Amino acid sequence: MPGLSAAELSFLEGGIAQDLRNDGRGREDFRSFSIQLDVISQASGSARVRLGATDILASIKAELGSPPAEFPHLGRLELAVEISPTAGPEFEGRGGEELSAELGKALERSFAGGANGTGAAVDLAALSVVEGKTCWVLYADVLVLNADGNILDASAIGIKAALSNTRIPKVEVLAGEGDEEGELELNDDPDECARVSTAAVPLIVTLTKVGRHYIADATGDEEAQMSSALSVAVNEKGQLCGVTKRGSAGIDPSVISDMLSVARRIGKRLLAKVDAEISLAESRLESET
Amino acid sequence: MLQPEGPAPSLDEAAAKLAEAQAILQSSTASLPLVCLGDAIDLGADAEGGVMKGHGTMMAGEAQLQATVCGLVERVNKLVSVRALKGRYTAQVGDVVVGRVTEVAQKRWKMDVNGKQDAALLLASVNLPGGVQRRRTNVDELNMRELYQENDLISAEVQQINQGDGAVALHTRSAKYGKLQGGQLVTVAPYLIKRLKQHFVALAAPLDVGIILGCNGYVWIGSKDLVDAGGRDEDEGMEAAGPSGQVDLQLRERMCRVANAVRALAALGLPVHPPAIVEVCNLSGLLRVEIKDMLGPEFLAQVAYREADRRQAEGDAQPMDH
Numbered sequence: 001m002p003g004l005s006a007a008e009l010s011f012l013e014g015g016i017a018q019d020l021r022n023d024g025r026g027r028e029d030f031r032s033f034s035i036q037l038d039v040i041s042q043a044s045g046s047a048r049v050r051l052g053a054t055d056i057l058a059s060i061k062a063e064l065g066s067p068p069a070e071f072p073h074l075g076r077l078e079l080a081v082e083i084s085p086t087a088g089p090e091f092e093g094r095g096g097e098e099l100s101a102e103l104g105k106a107l108e109r110s111f112a113g114g115a116n117g118t119g120a121a122v123d124l125a126a127l128s129v130v131e132g133k134t135c136w137v138l139y140a141d142v143l144v145l146n147a148d149g150n151i152l153d154a155s156a157i158g159i160k161a162a163l164s165n166t167r168i169p170k171v172e173v174l175a176g177e178g179d180e181e182g183e184l185e186l187n188d189d190p191d192e193c194a195r196v197s198t199a200a201v202p203l204i205v206t207l208t209k210v211g212r213h214y215i216a217d218a219t220g221d222e223e224a225q226m227s228s229a230l231s232v233a234v235n236e237k238g239q240l241c242g243v244t245k246r247g248s249a250g251i252d253p254s255v256i257s258d259m260l261s262v263a264r265r266i267g268k269r270l271l272a273k274v275d276a277e278i279s280l281a282e283s284r285l286e287s288e289t
Numbered sequence: 290m291l292q293p294e295g296p297a298p299s300l301d302e303a304a305a306k307l308a309e310a311q312a313i314l315q316s317s318t319a320s321l322p323l324v325c326l327g328d329a330i331d332l333g334a335d336a337e338g339g340v341m342k343g344h345g346t347m348m349a350g351e352a353q354l355q356a357t358v359c360g361l362v363e364r365v366n367k368l369v370s371v372r373a374l375k376g377r378y379t380a381q382v383g384d385v386v387v388g389r390v391t392e393v394a395q396k397r398w399k400m401d402v403n404g405k406q407d408a409a410l411l412l413a414s415v416n417l418p419g420g421v422q423r424r425r426t427n428v429d430e431l432n433m434r435e436l437y438q439e440n441d442l443i444s445a446e447v448q449q450i451n452q453g454d455g456a457v458a459l460h461t462r463s464a465k466y467g468k469l470q471g472g473q474l475v476t477v478a479p480y481l482i483k484r485l486k487q488h489f490v491a492l493a494a495p496l497d498v499g500i501i502l503g504c505n506g507y508v509w510i511g512s513k514d515l516v517d518a519g520g521r522d523e524d525e526g527m528e529a530a531g532p533s534g535q536v537d538l539q540l541r542e543r544m545c546r547v548a549n550a551v552r553a554l555a556a557l558g559l560p561v562h563p564p565a566i567v568e569v570c571n572l573s574g575l576l577r578v579e580i581k582d583m584l585g586p587e588f589l590a591q592v593a594y595r596e597a598d599r600r601q602a603e604g605d606a607q608p609m610d611h
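Protein chains in written order, with our numbering: chain A, 1 to 289; chain B, 290 to 611.
Derived from the structure by calculation, the hints contain no laboratory data.
Every value quoted in this text rests on a predicted model; they were computed, and no experiment measured them.
Yeah, the Cβ is synthetic: ideal placement off N, Cα and C, and Gly gets one too.
Hints should not be assumed to be uniformly reliable.
[What the hints assert, rightly or not] If the Cβ cut is set under 10 angstroms, some of the chain A residues that face chain B in the computed set are:
| hint | residue |
| --- | --- |
| 1 | Ser-5 |
| 2 | Gln-18 |
| 3 | Gly-26 |
| 4 | Arg-31 |
| 5 | Asn-187 |
[To be verified] The calculated SDA-like cross-link candidates involving lysine to any residue, where the alpha carbons are at most 25 angstroms apart (straight line), are:
| hint | chain 1 | residue 1 | chain 2 | residue 2 |
| --- | --- | --- | --- | --- |
| 6 | B | Lys-405 | A | Gly-93 |
| 7 | B | Lys-375 | A | Asn-146 |
| 8 | A | Lys-268 | A | Ser-254 |
| 9 | B | Lys-396 | B | Leu-412 |
| 10 | B | Lys-465 | B | Asp-407 |
| 11 | A | Lys-209 | B | Gln-422 |
| 12 | B | Lys-513 | A | Gln-18 |
| 13 | B | Lys-375 | A | Lys-209 |
| 14 | B | Lys-465 | B | Val-382 |
| 15 | B | Lys-405 | B | His-344 |
| 16 | B | Lys-405 | A | Gly-220 |
| 17 | B | Lys-581 | A | Arg-50 |
| 18 | B | Lys-581 | A | Asn-146 |
| 19 | B | Lys-483 | B | Met-433 |
| 20 | B | Lys-513 | A | Ile-40 |
| 21 | B | Lys-375 | A | Glu-13 |
| 22 | B | Lys-581 | A | Asp-29 |
| 23 | B | Lys-405 | B | Leu-368 |
| 24 | A | Lys-105 | A | Val-130 |
| 25 | A | Lys-273 | B | Glu-579 |
| 26 | B | Lys-581 | A | Asp-19 |
| 27 | B | Lys-465 | B | Gly-420 |
| 28 | B | Lys-513 | A | Gly-14 |
| 29 | B | Lys-396 | B | Leu-431 |
| 30 | A | Lys-245 | A | Glu-13 |
| 31 | B | Lys-581 | A | Gln-36 |
| 32 | B | Lys-405 | B | Ala-556 |
| 33 | B | Lys-399 | B | Leu-368 |
| 34 | B | Lys-399 | A | Leu-64 |
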C-alpha cells in the first residue's frame, strides 16, 4: 500500500501542531461514530460500530464451560480480535495476525482484570452456575471489517455495546439423585434472560504520538505517522483500568502522566457519548420490533 | 425549511430525515436504466436491428443481453454496454487525474490512479523544472527521483490509452501539472466526479482555496496559487518544496472545511463538483456547524435534505448522472 508523500506528511504534522487536523478535528476530538445493536442473531449479544471509516463487528457468545481451576466460583471472559482481509490490503493472508494478537492482548489487559476476578469488566462471580463445575464463558469476539485507524478504541466501544445487548439464558440446576450430578435445564424463554451489567466496562482511549504532540482517535493516515501510542482504559468512575503502550519509540515518563490525565478526561466524555449512542441504538431496535 | 437559529435536530430526527431524503433521492433516479448483476437488459423496440455486446454485458440466448456488472446501461448505436457505478477508474484521454507514484522504473514513473492497473508517466512526457530541454542522457534517467519520488502526489493528464491492454500513459506537459504539496488529498468514488471544463478550480473568497478534481476520484485540496491561471511558477520549478507543513491557520481552516464538504458529499453519494462543494460550505457556515462536525449525522442529514429539496424543486427528476 502506498504511503503518504513527504509534503502530505509535513502538512499533516503541521495541522496537528496547529490543533486542526485534516478533517477539522482538534487533537483531543473523536470522530463521530454510530452503533447498531443485535446485528448477529445467533450471538448472545452483538454490535456494529462505525468510527469514521473504521468498521468493526463485536459479538458476545455465552457458552457453558468449566470455571478456572484456582477460582471455582468465577465465570470466564475470553477476548479475541480478528482482522478481516477486507479491512485492507495489508491484512491479506496472515497479514493481520500480528496486529490482532497485539490488540487482543491490549483488550485483555483492559477488560479481563486479575486472575481472581477483581477489576474485570463484567462481574465474573455472577457468571458462575455450579461452583467448581459449570459456569458461563463469555466469548467476546471482535471482527474488523474496515480499518481506518484506532481499531482498539472502536473494539472497546463495540464490546461495551455488545455486552449491553447480551442476554444470558437462565439456568436451573436440577438436584441429582444420590451421588449423581445434577442436571442443568436451560430456560429458553427469551424474556426470561439475565442481563450483563456494563457499568464497570471500561472504554479505551488511545493517544497517538505524532511528532511532539499526541492525538486522540488517529485515522489510518495519522497512525502511519505515529512514533508510539498509549492506550488507556478508563471506566465510569474515571479510574484507569489498563494501560498499553504500542509502537516502537519510547515515551518520556512526564509525558505519560500528562497523557494519562488527558486520556481520563477524554474517556469521561467518550463514556457519556457511548452510553447515549447505546441507548439510542436500543430505542431504534425496539421501534423496529 | 432551514432555520439557522433553530435548535439542532436530534440524532433520531436526523436519521429519519436522512432516510426520507434518501428515499426522495432514490425515487428521482428510478427512471435511469439501472441494471443489477444478471439482469436482462431491456433493449426496447429497436432491438430488431441486432445488438452488440459491450463491456459489462453477455449474451443470454438469442438477441438478449444480460448485465455482468451493476450499473448504468449505455448505448452507442448497436453497441450496448453497462458502466459499473462503483468500481475502479476507467481512464479517458484528456482526463485530469491525481496520482501517486508507486515505483520509479526505467524511464517512467508508475502511478497509482485508482485504476485497474498502474498508469505510466514517461520521463519523456514531463516538463523539467524551469522549462529546460531534457538531454536524453543516462544521467537524467538516474536523477528521476529528484523530480518525483515514491509516494509523491502528482496532477497529470491522461495522454493515451493502449487499445490492447488498457495501459494508461500520463503526461505533465503543462505548467499546471506536477507535484502537489501544501494541502490534503480526499479520496472519493470515481463515479462521483463528472468530467468538467475545468478540473483545476479556484474557489472564490471567502473559501479562497484551490481544488483539483481528479477524474479518478482523487481530489486535491490545496492553496489557490496551485490552480491560478498562471499555473506554477516556472522559475521556481517543482523543486520549490519549502516547509509546506507551515500553513497559515486561516487557510488551513478553509482547506479543512472544503475537504470535509467533499467528504460529506461523497458520504451521501452525491456528485462532487465545485457548485455543490461551495453550497455545502455555505450551508455549514449558515448553520454555524464547526468543521469537525461536518461529518456528523446531523449535518449530513441537512445536506441530504437540502439536496432532496433542490431536486424536488426542479420538478421532473434530474438524473444523478450525466
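So, going through the hints one by one against the coordinates:
no., hint, in the structure
1, Ser-5, "holds, 5 angstroms"
2, Gln-18, "holds, 5 angstroms"
3, Gly-26, "holds, 7 angstroms"
4, Arg-31, "holds, 7 angstroms"
5, Asn-187, "violated, 34 angstroms"
6, Lys-405(B) <-> Gly-93(A), "holds, 21 angstroms"
7, Lys-375(B) <-> Asn-146(A), "holds, 17 angstroms"
8, Lys-268(A) <-> Ser-254(A), "holds, 22 angstroms"
9, Lys-396(B) <-> Leu-412(B), "holds, 5 angstroms"
10, Lys-465(B) <-> Asp-407(B), "holds, 22 angstroms"
11, Lys-209(A) <-> Gln-422(B), "violated, 45 angstroms"
12, Lys-513(B) <-> Gln-18(A), "holds, 20 angstroms"
13, Lys-375(B) <-> Lys-209(A), "violated, 36 angstroms"
14, Lys-465(B) <-> Val-382(B), "holds, 17 angstroms"
15, Lys-405(B) <-> His-344(B), "holds, 14 angstroms"
16, Lys-405(B) <-> Gly-220(A), "holds, 23 angstroms"
17, Lys-581(B) <-> Arg-50(A), "holds, 16 angstroms"
18, Lys-581(B) <-> Asn-146(A), "holds, 21 angstroms"
19, Lys-483(B) <-> Met-433(B), "violated, 33 angstroms"
20, Lys-513(B) <-> Ile-40(A), "violated, 49 angstroms"
21, Lys-375(B) <-> Glu-13(A), "violated, 32 angstroms"
22, Lys-581(B) <-> Asp-29(A), "holds, 8 angstroms"
23, Lys-405(B) <-> Leu-368(B), "holds, 23 angstroms"
24, Lys-105(A) <-> Val-130(A), "violated, 29 angstroms"
25, Lys-273(A) <-> Glu-579(B), "holds, 18 angstroms"
26, Lys-581(B) <-> Asp-19(A), "holds, 12 angstroms"
27, Lys-465(B) <-> Gly-420(B), "holds, 12 angstroms"
28, Lys-513(B) <-> Gly-14(A), "holds, 18 angstroms"
29, Lys-396(B) <-> Leu-431(B), "holds, 9 angstroms"
30, Lys-245(A) <-> Glu-13(A), "holds, 21 angstroms"
31, Lys-581(B) <-> Gln-36(A), "holds, 22 angstroms"
32, Lys-405(B) <-> Ala-556(B), "holds, 23 angstroms"
33, Lys-399(B) <-> Leu-368(B), "violated, 33 angstroms"
34, Lys-399(B) <-> Leu-64(A), "violated, 56 angstroms"
The structure fails to meet hints 5, 11, 13, 19, 20, 21, 24, 33 and 34 from the earlier list, while all remaining hints are met.
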